[in-house]
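> With the hints as extra help, turn the sequences into a complete structure.
As a plain string of letters, each chain reads:
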Amino acid sequence: MSTDTPTPAEETAATVAPIELSDLDALQLDALREVGNIGAGTAASSLSQMTGQPIGMAVPRVSVLPVEEVPDRVGGEEQIVVAVYLRVFGDAPGHIVFITAAETAHEVCDQLMGGMTSGEPGPSGFSDMELSALQEIGNIMTGSYLRALADLTKLHMEPSPPALGVDMTAALLSAVLAEVAMHSSMALLIETAFEEDDMPNFGHFVYIPEPAALTTVLRGLGLTA
Amino acid sequence: MSTRATPAATSARVTSLKVGLGQLVVSSNPEDILAALGLGSCIGLTVFDPVAKVAGMVHVMLPESDIASRPGPEGKYADTAIPALLAAVRKLGAEPTRLVCKMAGGAQMFGNGSGGGMLNIGSRNAIAVRAALQGAGLRLRAAQTGGNFGRTLELRVGSGVVTVRTVGGPTEEL
Numbered sequence: 001m002s003t004d005t006p007t008p009a010e011e012t013a014a015t016v017a018p019i020e021l022s023d024l025d026a027l028q029l030d031a032l033r034e035v036g037n038i039g040a041g042t043a044a045s046s047l048s049q050m051t052g053q054p055i056g057m058a059v060p061r062v063s064v065l066p067v068e069e070v071p072d073r074v075g076g077e078e079q080i081v082v083a084v085y086l087r088v089f090g091d092a093p094g095h096i097v098f099i100t101a102a103e104t105a106h107e108v109c110d111q112l113m114g115g116m117t118s119g120e121p122g123p124s125g126f127s128d129m130e131l132s133a134l135q136e137i138g139n140i141m142t143g144s145y146l147r148a149l150a151d152l153t154k155l156h157m158e159p160s161p162p163a164l165g166v167d168m169t170a171a172l173l174s175a176v177l178a179e180v181a182m183h184s185s186m187a188l189l190i191e192t193a194f195e196e197d198d199m200p201n202f203g204h205f206v207y208i209p210e211p212a213a214l215t216t217v218l219r220g221l222g223l224t225a
Numbered sequence: 001m002s003t004r005a006t007p008a009a010t011s012a013r014v015t016s017l018k019v020g021l022g023q024l025v026v027s028s029n030p031e032d033i034l035a036a037l038g039l040g041s042c043i044g045l046t047v048f049d050p051v052a053k054v055a056g057m058v059h060v061m062l063p064e065s066d067i068a069s070r071p072g073p074e075g076k077y078a079d080t081a082i083p084a085l086l087a088a089v090r091k092l093g094a095e096p097t098r099l100v101c102k103m104a105g106g107a108q109m110f111g112n113g114s115g116g117g118m119l120n121i122g123s124r125n126a127i128a129v130r131a132a133l134q135g136a137g138l139r140l141r142a143a144q145t146g147g148n149f150g151r152t153l154e155l156r157v158g159s160g161v162v163t164v165r166t167v168g169g170p171t172e173e174l
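Sequences listed follow chains A and B, in order. Start counting the first sequence at 1; every next residue gets the next number (this note's numbering). Start counting the second sequence at 1; every next residue gets the next number (this note's numbering).
These aren't lab readings, by the way, just hints derived from the structure by calculation. Don't be surprised by glycine CBs; every beta carbon is placed ideally from N, CA and C. Do not rely on the hints blindly, as some may be mistaken.
[Stated by the list, open to error] Examples of chain B residues toward chain A, derived with CB under 7 Å:
| no. | residue |
| --- | --- |
| 1 | Val14 |
| 2 | Leu17 |
| 3 | Leu21 |
| 4 | Ile33 |
| 5 | Leu62 |
| 6 | Met109 |
| 7 | Phe110 |
| 8 | Leu140 |
| 9 | Phe149 |
[Said to hold, decoys possible] A short, non-exhaustive set of chain B residues, derived as facing chain A with CB atoms under 8 Å:
| no. | residue |
| --- | --- |
| 10 | Gly20 |
| 11 | Pro73 |
| 12 | Pro96 |
| 13 | Ile121 |
This is the structure in structure tokens:
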């Protein structure tokens, strides 16, 4: 294999040991925070266009922690939320989850449907029409997050179709974490919270790149480890 | 693992001990409640010795310890969690033949949407826990697994009563 132009896959497999999550330095963590910022910023403006409401964003929080501790960090284990999950394939595989409180999701549905009746609510508390609206919102938001991420890193990233769940935070999150735990005992978490004027805790994005993808993402950002 | 073997003093204050992802918790304090909040694809397994009044719970995340490159906490993998749980309750005086075992969880979360069908580790977890129980010579008394909804599982150490709570549903005794 030539030393000057190895493909990322070859290099990861053959010559470069994957970065240990706990070894990330301040500059690299800053860069990953910026990833969260740009990704969620793009998603927020997509949502803003749909609802006509301005949406603010908090500074992203980047954490490296054992997979088992993620629910504690995210909090509100038994809070009822709507979550949209995308698996990311391509150069940098990973997981993206958008989580929003059920009450917030109801308000967004009302804003979008403008008082239109949308049928009887099902067991989840949402009607079928509301669920498909939420899936579409989640799809657009996670899609714009991923596109921003791909543009920023110049990497090829392909999303799975989105999956939607309405349930307790921990129940939904731990199902995603089980996937993460198959490859790693640690998780890198990039969280970005959204705020709307009257809804201070509008929702948040959680992006978890797989450890093997981290080297690729950091290199895409111009930070070779 | 957190072990609560000291009986509560004069105050009869009920303590809820959270059994987080991958954790193993045992107790012989009758005031304790062991609780796994929001089980999704994970399995919560409870054991209770009604004579010794010793209880334990594991929050199993994955079926086998060789799936992942590195180990985690004691309750993380079904194949190693059950022997560890058995050893921990025996240490508090439980007799394996008297143990009442119950489990809940193993759901397929994210059932809606065009990507529904991903993340089907839940049923594999349930199978692995059953196999590990059998391997340890333990019989399962009751189970509520599968479906596409989350569950909160609680075990009252004083009485051995196990309850399952779901979103929008009643709290049921298991």
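> All the hints need checking, so say for each whether the structure fits it.
How the hints compare with the structure:
1. Val14: It is violated, given that the least Cβ distance between Val14 (chain B) and chain A is near 18 Å, above 7 Å.
2. Leu17: Interface hint status for Leu17 (chain B): violated (14 Å vs cutoff 7 Å).
3. Leu21: Hint holds; Leu21 (chain B) Cβ to chain A Cβ min 4 Å, cut 7 Å.
4. Ile33: Not OK, violated: Ile33 (chain B) not within 7 Å of chain A, min 14 Å.
5. Leu62: holds (6 Å)
6. Met109: holds (4 Å)
7. Phe110: holds (4 Å)
8. Leu140: Result: violated, 22 Å to nearest chain A Cβ.
9. Phe149: holds (6 Å)
10. Gly20: holds (6 Å)
11. Pro73: holds (6 Å)
12. Pro96: violated (27 Å)
13. Ile121: Constraint on Ile121 (chain B) satisfied, holds at 5 Å.
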